[in-house]
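**Q** For reference, the chains in residue letters:
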Amino acid sequence: MKDLYLIYKNLTRKKTRLFLTCFAIFIAFLIFGSITALKGALNSGVEMSADNRLITVNKINFTQPLPYSYVNKVKSIEGIKDVSHANWFGGFYQEPANQIVTMAVDPETYFTVYDDLVVPEEQLSQWKSNRRGVLVGERIAKTFNWQIGDTIPMSSNIFSNKDGTQTWQLQIDGIFRGENEKADTGYMVFHYKYFMETQTWGGDNIGWLIVTTTDASLNQQVSDAIDESFANSAAETETSTEAAFNKAFIEQIGNIGLIIFGVVFMAFFTILVVVGNTMVLAIRERTNEIAVLKTLGFSSPRIFKMILIESCMLSFIGGLLGLGAAFVIVQGASQELSRFLPNLVLDQSIVLQALGYMLLLGLVTGIVPAVRALRLNIISGFQGA
Amino acid sequence: MSLISQSTAVIVMNVRSLPRRFWMSAAMVFASAVVVAILLAFLAMAKGFETTLQSAGSPDVAFFLRVSSGAELNSSMSNDQVNLLRNAPGIASDENGPLVSPELYVIVDGIKKSSQTKANIPLRGLGQQGIALRESFQLTQGRMFASGTNELIVGQSILNEFEGFELGSEIRSGKNSFTVVGIFTTGGNVFESELWADSRVIQNLYNRGSSYQSLRAKLTSPDNLEQIKAYIENDPRLNQDVQSEQSYFAEQGQGLSYMALFGRVISTIMALGALAGALNTMYTSVSDRSGEIATLRAIGFSHFSAFVGTMAEALVLAVIGGLVGSVAAFIFFDGLSAATLGGSFTQVVFQFELTTDLFIQGATLALIIGFLSGFFPAWRAARVPVIVAFQNGR
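If you're matching them up, the sequences are chains A and B in order.
Straight run, no breaks: the first sequence in our numbering ends on number 372.
Straight run, no breaks: the second sequence in our numbering ends on number 420.
Chain A with its partners taken away, still in its complex shape (with noise of 0.2 angstroms):
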């Protein structure tokens, strides 16, 4: 109890160091949390994929075109669970500054090769017996603030609709979210039918495949059966894991993620090695004290234990309350900008993460010092004041 009094007497010593260090640590915290979390939603697509679930996409590149006969040819693969098919529809809402992410799918398999979605049945129902209806995700149906029943203009930035305008009128017959928190719900999916019947170029085309398999370990035999089945057609196939294609497509926004990370995580560091620096010399000062301390009976495995106590306190104090702040940006951002990073949260890993990185700082500061207190010589620490 006597030490716990001591240690509160010397943190709050100089009120204002004891401010401007708490108040850097702080800081550190609070870009640390904010970062790993925006760098925990860019990841997000690669760690929510499901295991058995592979994407088809044409070997060009992803965004031309495959023949719609794909679909029923690839079902006929063995070890092939359930098919269904996307196409980009390029969707924007009012603005073309407004983009929402919008495919148009077949609505009896969607939900089903996306079976971590959940659609309540009598919305499922009744969407997939309106053409003209849409299931939007559950962030967008928020950002937007739309209802069931409503009906939206979603125009197109690469398609044409038969009546001569590049809007489409959908009713939304429902809204889908994600069993885990972190799933993307930001898009919206309507009729592949419905689209093909009235934009201007026809075909049949589809955009990709999606292909869940019976088991994971198969994921490789089915992949390059598919494969196999189109080499040498006029549409080449290449198929992927959704892991691997999700992390492929972060890839292309290339080494300015690692540059930003490095940069930002180079940041943290320095403001630990600053603040670090400023705890190691105030307890430095303090020498002569730590020899009167001895002089009176305090054990020097006791006095070790105190610097070590202090340097710690320091450490959880700003940076919890850095954390802290951190969580509530990070809360109130994801409300913000759901539409663009779905997947902000400040979840439990970063925050042990967090916790380990304040207890390495008030062992790293604490431990010089503490050091050198234990092996102090009473004679030579009042020497040096």
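Honestly, the hints are just simulated from the structure, not real lab data.
Note that the coordinates shown come from a computational prediction; the quantities given were computed from them, not determined experimentally.
Careful, some of the hints might be misleading.
Stated by the list, open to error - With a straight-line cut-off of 27 angstroms between C-alpha atoms, the simulated DSS-like cross-links for lysine-lysine are:
no., chain 1, residue 1, chain 2, residue 2
1, A, Lys26, B, Lys139
2, B, Lys144, A, Lys234
3, B, Lys255, A, Lys60
4, A, Lys115, A, Lys62
5, A, Lys169, A, Lys68
6, A, Lys149, A, Lys169
7, A, Lys62, B, Lys201
8, A, Lys26, A, Lys115
9, A, Lys281, A, Lys292
10, A, Lys169, A, Lys62
11, B, Lys244, B, Lys144
12, A, Lys68, A, Lys149
13, B, Lys139, A, Lys234
14, A, Lys292, A, Lys68
15, A, Lys234, B, Lys138
16, A, Lys234, B, Lys201
17, A, Lys62, A, Lys149
18, A, Lys1, A, Lys281
19, B, Lys144, A, Lys26
20, A, Lys26, B, Lys138
21, A, Lys62, A, Lys26
22, B, Lys255, A, Lys149
As the list claims (entries may be wrong) - Covered stretches of chain A (in silico footprint by chain B; criterion: 3 or more residues with CB under 8 angstroms from a CB of chain B, positions within the stretch not fixed):
no., segment
23, 136 to 146
24, 204 to 211
25, 229 to 241
26, 252 to 263
27, 307 to 321
We treat Cβ as the ideally placed atom computed from N, Cα and C, and that holds for glycine.
Given chain A, work out where chain B should sit, using these hints.
**A** For chain B alone, kept in the frame of chain A given last:
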């Protein structure tokens, strides 16, 4: 003694006593250096991207896309529309007719050298007139593609950043294959991140019939755009947006401007953290020198000189930090080559670019840190009563 000579004496004394507080001072220099380097890294990235795109656009080339398609990749126009636009008013012509270039824009895969991963590369289909419209175009190796053949020429940036585009290589795209017959440069702008082939060949190989995606036209004067807009509006068969090529690329160049914003926010927050560290340093410096300060004040030095002395120390440290940060940013980031997704969903290769303007912003930030971290401790140094200062400095 005048104020100036008093202050000079104190400044010299403070600066010369810096080694005594070496670790504290080094921490402040370090903090200020990193904040400046981070700001410069983000700004250089946004700047480089912007320059690469902006320098591609010409003010006297009109650029046509289908309404609200936003980027070449999404746009489309029929051959009939192209022919109608060819006759629009205000377009320059030579002995072969109007100087217009209908173009196609498809995406093929390339393997990035740095990460060994696939990335989208634009393959542009164009003709002789299209090449003539790019005034900075120059072949550096090989020759032009022959029309009607599966030959293509490769931009210098693609050659640098992606695998397998050397002169003479075979490039496969689905069932089609192309031969690289030339390497070109356009002075470092975004066109160097492209592959160019004959537009008729692309129409054929990618099932585009006789349609195109975008159209460029040389204007007799940049003021003719209004006339052309009116022409399009009066013809119901046309549904194109027209703007100068310069304004199109200026818009696309804003793609990474959020990076600059993000960089400013991060470095401002960082600067607050660094400021806290710097203030600690300066308060320590004042308490370390409190004996000296008291002595000086006792022998008649003014409040002002104590203030100026501390202030100068803070500024010197912050400026050294700023210099170190700028040099580090220059060494690590200037000219750094990066490739990222641009507005057309394809890779844009660009170089980080540190301009004088950016260095000035970095220096300003260092000075602000120096000023703020010096001001409050200097105030304390000037105000502490002589007796108290002697007691503290005992």
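**Q** Now, for every hint given, state plainly whether the structure supports it.
**A** Here is how each hint holds up against the structure:
Straight-line distance between C-alpha atoms of Lys26/A and Lys139/B comes to about 23 angstroms, which keeps the hinted pair within the 27 angstroms bound. For the given pair, Lys144/B sits about 10 angstroms from Lys234/A by alpha-carbon distance, which is consistent with the 27 angstroms threshold. At most 27 angstroms may separate the alpha-carbon atoms for a hinted pair to count; Lys255/B and Lys60/A exceed this at roughly 48 angstroms. In summary, the hint linking Lys115/A to Lys62/A is supported, as the alpha carbons are separated by about 21 angstroms, within the 27 angstroms threshold.
A distance of roughly 25 angstroms separates the Cα atoms of Lys169/A and Lys68/A; the hinted pair therefore holds under the 27 angstroms criterion. As the CA atoms of Lys149/A and Lys169/A are separated by approximately 38 angstroms, the hinted pair breaks the 27 angstroms bound. Proximity of Lys62/A to Lys201/B is assessed by CA-CA distance (about 24 angstroms); at most 27 angstroms being required, the pair is judged to hold. With a C-alpha separation of about 37 angstroms, the suggested pairing of Lys26/A with Lys115/A is violated against the 27 angstroms cut-off.
Proximity of Lys281/A to Lys292/A is assessed by CA-CA distance (about 14 angstroms); at most 27 angstroms being required, the pair is judged to hold. At roughly 30 angstroms between alpha-carbon atoms, Lys169/A and Lys62/A are farther apart than 27 angstroms, so this suggested pair is violated. Restraint check: the Cα-Cα separation between Lys244/B and Lys144/B comes to about 36 angstroms, which exceeds 27 angstroms; the hinted pair is violated. A distance of roughly 36 angstroms separates the Cα atoms of Lys68/A and Lys149/A; the hinted pair therefore is violated under the 27 angstroms criterion.
For a cut-off of 27 angstroms, the pair hint linking Lys139/B to Lys234/A stands: about 17 angstroms separates their Cα positions. Simply put, Lys292/A and Lys68/A have alpha-carbon atoms about 61 angstroms apart, too far for the 27 angstroms limit, and the pair is violated. Distance restraint check for Lys234/A and Lys138/B: the Cα-Cα separation of roughly 14 angstroms lies within the 27 angstroms cut-off, and the hinted pair is therefore satisfied. For the suggested pair Lys234/A and Lys201/B, the alpha carbons sit about 26 angstroms apart, so the restraint of at most 27 angstroms is met.
For the suggested pair Lys62/A and Lys149/A, the alpha carbons sit about 32 angstroms apart, so the restraint of at most 27 angstroms is broken. A threshold of 27 angstroms between alpha carbons decides the hint, and for Lys1/A with Lys281/A the separation of about 23 angstroms falls inside it, so the pair holds. For the hint linking Lys144/B to Lys26/A, the alpha-carbon distance of about 21 angstroms falls within 27 angstroms, and the restraint holds. The suggested pairing of Lys26/A with Lys138/B holds, with an alpha-carbon distance near 22 angstroms, which does not exceed 27 angstroms.
With a C-alpha separation of about 37 angstroms, the suggested pairing of Lys62/A with Lys26/A is violated against the 27 angstroms cut-off. At most 27 angstroms may separate the alpha-carbon atoms for a hinted pair to count; Lys255/B and Lys149/A meet this at roughly 24 angstroms. Counting residues of the segment 136 to 146 of chain A whose beta carbon lies closer than 8 angstroms to any beta carbon of chain B gives 3, which reaches the threshold of three, so the coverage claim holds. Coverage of the segment 204 to 211 of chain A by chain B is violated. Counting CB-CB distances below 8 angstroms, 0 residues qualify, and the rule asks for three or more.
Coverage of the segment 229 to 241 of chain A by chain B holds. Counting CB-CB distances below 8 angstroms, 5 residues qualify, and the rule asks for three or more. Closer than 8 angstroms: that is the beta-carbon criterion, and the segment 252 to 263 of chain A has 7 residues meeting it against chain B, so the requirement of 3 holds. By the rule of at least three residues with a Cβ nearer than 8 angstroms to a Cβ of chain B, the coverage given for the segment 307 to 321 of chain A is violated, with 0 such residues.
Hint violations for this structure: numbers 3, 6, 8, 10, 11, 12, 14, 17, 21, 24 and 27, all remaining hints satisfied.
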